[in-house]
Amino acid sequence: MTKYIYILILAVLLLGSCSSVPDNPQKVNSLPKIFPDYVGVTIPESIAPLNFAMADGTSQCLDVVVKGSKSGSLHVHSDYADFNVDDWHKLVAANKNGKLTFTVCEEKNGEWKQFKDFTVFVSPYELDDWGLTYRRIAPGYEIYSKMGIYQRDLSNFDEFAILENTQAPGMCINCHTSNRTDPSQFTLHVRGDHGATLIQQNGHREWLNTKTDSTLGSCVYPYWHPSGRYCAFSTNTTRQGFHALPNERVEVFDFDSDVQVYKLSTHELLLCPLLQTKDYSENCPAFSPDGKTLYFTTAKTQKYPQGYKKERYNLCKISFDPATGKFGNKVDTIFNAVKMRKSLTWPRPSYDGRYILFTLSDYGYFSIWHNESEQWIMDLRTGKSRPITEANSKRADSFHNWCRNSHWFVFTSRRLDGLYSNLYLASIDKNGRVSKPFLLPQRDPVTYYKETIYSFNVPDFTSTKVKLNSRASGREILSDKRTSIHVKM
Amino acid sequence: MIKILSKYQKIFLALLFGSIVFLFWAYVRDAYLSYQEQYQMFLFTGDYFCGRLSQPGGLALYLGECLTQFAYYPWIEAIILALVFILLQYLTALVARKEGAVEESYPLSFLPVIMLWALLGDENMLLTLPVALVLVMGAIVGCQSFVSRILRIVYVLLMIPVLYWLAGPVSYLFTLFVCIHLLLHHASGKGVVYIVFLVLFCAVIPWLAGFLVNFPTSRLYIGLDYYRLHGDYPIGYFLVPPTFVAVPYLLLLIRKPRKKTLCNIVEILFVVAVSVPLLLHSYPGYTEDGMEYDRMVRHGQWNDILLKAEKNSPTDPFGVTSVNLALGMTGRLGDDMFHFYQNGPQGLLTNSNKDFLLPFPISEAYYQLGMINAAMRTTFEIQEAIPDYRKSARCMKRLAECNIIDGQYDVAKRYLRLLSHTLFYHGWAEQMIYCIDHHQVNSYGEFAKLRSFNYRHDFLFSDPEMDKMLGQLFMNNKQNRMAFEYMIGWTLLKRDLKSFVKFIPFIQFVDYTRVPTSYQEAFLYYWITTHHTLEGMPMQVDTGVARQILDFARIVQSEGPQAPDLQQFHGTYWYYLLVQHPQEDISVNKK
Numbered sequence: 002m003t004k005y006i007y008i009l010i011l012a013v014l015l016l017g018s019c020s021s022v023p024d025n026p027q028k029v030n031s032l033p034k035i036f037p038d039y040v041g042v043t044i045p046e047s048i049a050p051l052n053f054a055m056a057d058g059t060s061q062c063l064d065v066v067v068k069g070s071k072s073g074s075l076h077v078h079s080d081y082a083d084f085n086v087d088d089w090h091k092l093v094a095a096n097k098n099g100k101l102t103f104t105v106c107e108e109k110n111g112e113w114k115q116f117k118d119f120t121v122f123v124s125p126y127e128l129d130d131w132g133l134t135y136r137r138i139a140p141g142y143e144i145y146s147k148m149g150i151y152q153r154d155l156s157n158f159d160e161f162a163i164l165e166n167t168q169a170p171g172m173c174i175n176c177h178t179s180n181r182t183d184p185s186q187f188t189l190h191v192r193g194d195h196g197a198t199l200i201q202q203n204g205h206r207e208w209l210n211t212k213t214d215s216t217l218g219s220c221v222y223p224y225w226h227p228s229g230r231y232c233a234f235s236t237n238t239t240r241q242g243f244h245a246l247p248n249e250r251v252e253v254f255d256f257d258s259d260v261q262v263y264k265l266s267t268h269e270l271l272l273c274p275l276l277q278t279k280d281y282s283e284n285c286p287a288f289s290p291d292g293k294t295l296y297f298t299t300a301k302t303q304k305y306p307q308g309y310k311k312e313r314y315n316l317c318k319i320s321f322d323p324a325t326g327k328f329g330n331k332v333d334t335i336f337n338a339v340k341m342r343k344s345l346t347w348p349r350p351s352y353d354g355r356y357i358l359f360t361l362s363d364y365g366y367f368s369i370w371h372n373e374s375e376q377w378i379m380d381l382r383t384g385k386s387r388p389i390t391e392a393n394s395k396r397a398d399s400f401h402n403w404c405r406n407s408h409w410f411v412f413t414s415r416r417l418d419g420l421y422s423n424l425y426l427a428s429i430d431k432n433g434r435v436s437k438p439f440l441l442p443q444r445d446p447v448t449y450y451k452e453t454i455y456s457f458n459v460p461d462f463t464s465t466k467v468k469l470n471s472r473a474s475g476r477e478i479l480s481d482k483r484t485s486i487h488v489k490m
Numbered sequence: 354m355i356k357i358l359s360k361y362q363k364i365f366l367a368l369l370f371g372s373i374v375f376l377f378w379a380y381v382r383d384a385y386l387s388y389q390e391q392y393q394m395f396l397f398t399g400d401y402f403c404g405r406l407s408q409p410g411g412l413a414l415y416l417g418e419c420l421t422q423f424a425y426y427p428w429i430e431a432i433i434l435a436l437v438f439i440l441l442q443y444l445t446a447l448v449a450r451k452e453g454a455v456e457e458s459y460p461l462s463f464l465p466v467i468m469l470w471a472l473l474g475d476e477n478m479l480l481t482l483p484v485a486l487v488l489v490m491g492a493i494v495g496c497q498s499f500v501s502r503i504l505r506i507v508y509v510l511l512m513i514p515v516l517y518w519l520a521g522p523v524s525y526l527f528t529l530f531v532c533i534h535l536l537l538h539h540a541s542g543k544g545v546v547y548i549v550f551l552v553l554f555c556a557v558i559p560w561l562a563g564f565l566v567n568f569p570t571s572r573l574y575i576g577l578d579y580y581r582l583h584g585d586y587p588i589g590y591f592l593v594p595p596t597f598v599a600v601p602y603l604l605l606l607i608r609k610p611r612k613k614t615l616c617n618i619v620e621i622l623f624v625v626a627v628s629v630p631l632l633l634h635s636y637p638g639y640t641e642d643g644m645e646y647d648r649m650v651r652h653g654q655w656n657d658i659l660l661k662a663e664k665n666s667p668t669d670p671f672g673v674t675s676v677n678l679a680l681g682m683t684g685r686l687g688d689d690m691f692h693f694y695q696n697g698p699q700g701l702l703t704n705s706n707k708d709f710l711l712p713f714p715i716s717e718a719y720y721q722l723g724m725i726n727a728a729m730r731t732t733f734e735i736q737e738a739i740p741d742y743r744k745s746a747r748c749m750k751r752l753a754e755c756n757i758i759d760g761q762y763d764v765a766k767r768y769l770r771l772l773s774h775t776l777f778y779h780g781w782a783e784q785m786i787y788c789i790d791h792h793q794v795n796s797y798g799e800f801a802k803l804r805s806f807n808y809r810h811d812f813l814f815s816d817p818e819m820d821k822m823l824g825q826l827f828m829n830n831k832q833n834r835m836a837f838e839y840m841i842g843w844t845l846l847k848r849d850l851k852s853f854v855k856f857i858p859f860i861q862f863v864d865y866t867r868v869p870t871s872y873q874e875a876f877l878y879y880w881i882t883t884h885h886t887l888e889g890m891p892m893q894v895d896t897g898v899a900r901q902i903l904d905f906a907r908i909v910q911s912e913g914p915q916a917p918d919l920q921q922f923h924g925t926y927w928y929y930l931l932v933q934h935p936q937e938d939i940s941v942n943k944k
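Keeping their order, the protein sequence lines are chains P and D.
Heads up: the first sequence is residues 2 to 490, going by the working numbering.
Heads up: the second sequence is residues 354 to 944, going by the working numbering.
Just chain D, with the same shape it has in the complex (with noise of 0.2 Å):
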């Protein structure tokens, strides 16, 4: 068994390489593609591809957008990224053999490759830079393999300008090989001149490029499209990409072992101990989490968003605005918000940010009550402070559905035909034309009702009233009872109890066998802050609500709103109002 495994030792190696790079993704880090893909919209046409090759590193962006819009199916992308990984890590051994390194430091060839998956943890880094790098080594293979040493002269003069423009700035890599390959191999005066010019030649390359594109000349040099932001780029941006060279020359430190096998296991066991620490401290959990719901807000998996948020609910606003959409979409708001962590108001929505993730789960939020014109608004905001000037296939196609709902076909088909370029998207992009075309759009999906949501007389939008302009959207279709339910924990959330108060009437018209817990709550703590008495109350409360109060009251008297027993109220509104968020006032008599 030995023999064989050391027989086929690299064969074995590269598999069980890809095997738990596969794994990982697939099965781990799923959601960092999916977030990846959203961020993207890979058209298969001549523009698109002409657009891309006239900037430097075009190539890699092309192909790494090519490569990144199959994370729509986060398992193929697993496999995309288990192969790139293994050919850039097979690269890494090839070149290092070239030059001479020996057999047994093959297990160490995995160190750059693995360091570059660390570096992956930061989701702001783009498959651009692993597919940059597959183009470098290979061109670094492609020099390696001649044999003619004036075919190499020009092949090199050649690359430097070309694997620029193609591979980006990480193309000095190339440059970094050849300088070391001479100084190692012909380190005489003509090979330093030589040198020299090769540097000078790689480092003015970039700054010709200036005259040519649009972009600051520093970012020529640091690259356009390896990294999503200019700048804050992490230190492994730096770092990583000169492994790929560095790591074959310093293989050629290790001597040929006595004890070939022994050699390979302590050198397994050296990249497992380098790499398991690195990857962990890469990809921290939290990260992963808003990735998470960020997925399930995208394919409804409302459930799936509240099982995740039982066991542990999550606090920062990207969480809390996915698990109240939750509820609000499976009709559990009324009930059980307050069994979450809440934020405030802006914990429903809120559009303050001007981020490119924090507004989808409110963007999704706004569609789903029929705010169609504030869900284009924000979706449309979110694709324009995407960093690096993408366009997202996920905001088109949600630009699309907002415009289909507002009758605007004419836009929509626009943002459709780009749809229709895509692989993934395509599909559902022509079949809307055709229901465009064939005056279908009412029988499709939820668009009938989406519409009947809608507003019906023109406002400006009021960030600070929206209370209001839920009011407004419930009254003009009470069969919107998400718009209820979002109006009425917005003044809970407010602590805005005379608004709660005002609103609560119109819970008639909404079809509950029961009246929601924590309006139950709420109310009683009004009715009873106000007249001292139960007697007279005009909502039925259930008996359990009732006597919970009136312990909560004992308790806050006696002990102060700080006192542990309080504990056991958590997920009550009072909870929420007296513990959670005692800081503020409330808009009631506070005897």
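Extracted from the complex, chain P is given alone in its bound form (with noise of 0.2 Å):
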């Protein structure tokens, strides 16, 4: 409905605008500055029109000329570059593991200017999944007002939302985890009043109350076993602090927090005492591909808040046979943080099984709040890892996870104002080497990227889109008719 009442005040609009054609224009012996910055990125074929604007806002008109290198053309004249869909999906198909160049001629007190070309690289690596899913909420505190968890098709601008807290007002969504970015199986929590995990497999959805007397409560960061039969999750005893300065604002840590794992068929939370030890907090489990290993986080608990900035992870693993559902008896430390005065936090294993992506920060886990915390890389052949430069910003990068080939990972960065947190899109070759990030495409970029009030985060890829029956859901929220799960003993 949006979409057509839209569509309609787009057009009645741009009939009326920017009527004058580059003429001989002035050339300029500088790439354009545009908005989103998609200057020397790479792209799947997949991915939808990367429409842009100048980054100043004041050009009266753009004219936009796309070649590319194997065959094809583009031409857009407009407020803003913003190119047919079909159309550009076909120029990027003709031009996989070729190149784009774009000639970009803007007219600005009426006279046109020309500047130097430049080029979007179509990666040979298929984006081979569906879309995005992901978490709109404004960056706040504790309050939260409208929410949801939402879908995009990447390869056109539709976005779907699969459960928004409009259905159970007062309620937060947070957590939306599918399996290896198949959405017949994925988790997501609610918390308020009516709070609950919901498990959905097969359309078939259950909602657990996870708390347990054993446990010190609700399952909070999850992550599925590739077999789909256990899903491995921390628990938290969170808080929140504020600070004081400008350039930080909310500080979040745990009293406490352990890993544990919970087997679907027997609705039991496996417990391991390596996994719950005293002093310190385990966090951010997620399995290895083959299933055999659990990663997590692990820090020395600290006298909180006094001492929120000594909390600092390392990067650790134990074995997990699925077949028993036991874990091993000794931890590995895979990544000391710690020794390098910092902190890991969101490990994500490829799923190719050759890389862990994490995040690393001066101290805790919260890493969206922390503006020197970038993005590193394990090459888990060699055992070596380096800080992905290539994608990194100067502000918050922080949450990532891979798509099904592990040749493209999405993750979050506050680099447009420090504070609203983008999805952004980088793929990674044969040999390692990680491309300029480009921005998620919009329609109308400048005015959704610069306006928006929300934050996205906890993005991951979907190999198709999420079905959830979100009326249903909302009912059975408010029922608050739940499963519960125990330990096993």
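Hints are computed from structural coordinates only; laboratory data are not their basis.
Hints are not guaranteed to be accurate.
To be verified - List of simulated lysine to aspartate or glutamate pairs, EDC-like, C-alpha gap at most 16 Å:
no.: 1; chain 1: D; residue 1: LYS851; chain 2: D; residue 2: GLU818
no.: 2; chain 1: P; residue 1: LYS310; chain 2: D; residue 2: ASP811
no.: 3; chain 1: P; residue 1: LYS97; chain 2: P; residue 2: ASP129
no.: 4; chain 1: P; residue 1: LYS395; chain 2: D; residue 2: ASP763
no.: 5; chain 1: P; residue 1: LYS212; chain 2: P; residue 2: GLU269
no.: 6; chain 1: P; residue 1: LYS451; chain 2: D; residue 2: ASP811
no.: 7; chain 1: P; residue 1: LYS97; chain 2: P; residue 2: GLU127
no.: 8; chain 1: D; residue 1: LYS363; chain 2: D; residue 2: GLU456
no.: 9; chain 1: P; residue 1: LYS451; chain 2: D; residue 2: ASP763
no.: 10; chain 1: D; residue 1: LYS609; chain 2: D; residue 2: GLU456
None of the values given here were measured: they were computed from a predicted structure.
Given two chains presented individually in distinct reference frames, assemble the corresponding complex, making use of the accompanying hints.
Laid out in structure tokens, this is it:
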């Protein structure tokens, strides 16, 4: 409905705008400063058009010609570069593993200027997932207004709500996580008066009460076992603090946290003393692609809030037997961030088993509120790690996830203004080189990104569109009927 | 004269009614209008329009918000409300006349809109409902205009879903009207079948809408945007709208009277007799008090706040915080804070309430003190707490200001861009963007001053340690007199005289010509209770204050702290300490 009204209004507006054409434009020996910055990025074949505008927002008209290195071209002439979705896909598909050259002319004060051409590389690696899922929420403190979990078709600009908190006023929804991008199995949490953890498998919904007498509290950060029989969760006693200085706002720290594994078939929590230590907080679990290793982070528990800056996490692993659900009897530290006076969070193994992506910041684990946080990658074949300088920025670069074929990853970054987090995609080639990331395309990117009052967080790829009966879910949330889980004795 | 009045009776009554409505909103309940304006941010953008129209009742919501934004200037909004009320009354009368009501019943057609006026006394009732009723009544008039039966059927079948989408669930009144009309005029077998069909059709539309939007089905039947809260609807919410259809039909019962003038006079008297108590009951004074304090805080009318409080010292948290802020802003906190009712340290600053109204003066106090991050957080939380998911232009403006002061210009610009799409904040937003782009922020208003007040060293905010945070703020910039007064005020209200004595020496850094009275009183009390003599006291105390405490002590010793004579000491710190709030222990030797 919104879409059609929008198109109608756009059509009316477009009829009367941007009528002159670049006739013998003045050549400028610099690249155009465009928003979003798509200069030199690498894109997958299936991505939506890279619409853009001049960054300073003062141009009267843009004339953009895109030529493929192999074949085809596109021409747009408008207030901003707004490409036709079908034409764009034809051009990009024809130039896979090639490049697109953009010639940008800008009309300003009645005069046309032509900038140096820039290129966009079309990756040989497909992005074979349908789209992205993410949460959209105002970057606030303790209270939340309208928010929800959404999915976005990566080949165009269509966004769909998976579940919004309007279905049950006052609730917070978070941590939507599917199993290796497969939406037939996913989990999400509902917080508030009608709190629950949803596990949906092949369309069947189960609302869990994950609090037990033997664990710290509800299940929090999830990660699926590749078999789909288990889901690892952290359980956290979390508090927030609020900074006095302007460049920091919120601090999130855990008085305590543990890691546990939920067995779906029996509604049991599998516990391990090595993941529930007294003096350490275990957090952010993630299974290896073969399901035999459980990665997690661990930090020495501090006195809070005074010691929040001393809370630093390492990356560890413990073996896990999927057949018996038993854990190994030793924990290995595989990345000692504490030694670097850093803290590691959000480990995400690539699904091909070659890498682990993680975030490093000065302390704590809630890296989105840390300007210094940046992404690192560990090559599991060599054990070497490095910061992804190709993709990092001066502002918070945080949560990330891999696409199904492990050649693309999505991450959140606050690089635009330091507060509102947006989604960027980057590719990694067979040699481990990461491409310049690009901001998730939007039809009118300037209006969308510079005027939205929502942050994107917890992004993940989804191989197909997520199907959740939000209406029935809303009823079920309000009904408070929950399945209890218990600890395996 | 009577003949002229009789001839132009309708115009006269409409003008009279409109004038009363205007005067009511413009001069009696103007703070109510400001209150409504601050909980929305109407944007003149295509996205905003489309967003509103993408849910049931969207057009009524959009128009309601559009009209509400004019409450930035309450007198304009008062005119708008008067016109909306007159229009609704006119449509009610028109529907009644077209259904066959006699002209003499005209005065009674004011009843539904007067009941609606009373319903709006609930501050959570939104202008969306009156606008939706205008749309529905307009659709009913349109239905009455069709001569062709076929066209009328097509119109009705079309309007039921369309009207639901544009005006929301109150559109059921349209179906109700059609059904009553059919029952009265076409009560055949076919007519009954048609009625049953229409009722079912009308009932199924909200359910079907549930497939398009993410709201609980119950809310699609009750209404998404007529009422700010989700639940706790007043009974009038359900009873008033049907009167717009019921009254026109009830007027059919009135037969043409022999004495038209007498009939009209009786009817007018009846309407007045019903309206006056209804309105008086619907607009209680205490609600307006809070809104008035809020408006004065918003516009920095500190002296007006104190003038109002001097007449009747507020005892609610909102009023107390507002009065303390006004005292702080006028430099009277040290002298006069105990002349007004105090409810403890939370009367200065507290952030425990997750409300969408109470934190406004607290947020303002943080801002004026220079605790910019705290002001920003409180403002953000107010906006997020608005129950109907709307954003607030007032909050957005303050968020922009905080981010400008903090030097977070990119974030500030995001808010300013949004405000530049509004009608009344547009100019300010453009000016601020210009200031940022041309590095003129420090020369604008109070930004430079507040920037210099802000913290230099980071720490995590801690409500229980407010006095220390205020102390750090003051030590950071000793020109920040309000920080000093809030710090001392905090210890006094907390009855923490040990901290008071620890902090009071810093008074040397503040440009007082004399030590404020309440500080003298507190210090004197401390000194006497710990030293049992006035000799050697390091603070110079006015003779009157010293004499007063001796009288106070004498009465307390002889008659106890409940002695009626102690009333004369109302306004002193001792009265607050021992009479007004005697239940807590005092952190000094009680001898």
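How the hints compare with the structure:
no., hint, in the structure
1, D/LYS851 / D/GLU818, "holds, 14 Å"
2, P/LYS310 / D/ASP811, "holds, 12 Å"
3, P/LYS97 / P/ASP129, "holds, 14 Å"
4, P/LYS395 / D/ASP763, "holds, 14 Å"
5, P/LYS212 / P/GLU269, "holds, 12 Å"
6, P/LYS451 / D/ASP811, "violated, 29 Å"
7, P/LYS97 / P/GLU127, "holds, 9 Å"
8, D/LYS363 / D/GLU456, "holds, 10 Å"
9, P/LYS451 / D/ASP763, "holds, 9 Å"
10, D/LYS609 / D/GLU456, "holds, 8 Å"
The structure does not agree with numbered hint 6 stated previously, though it agrees with all others.
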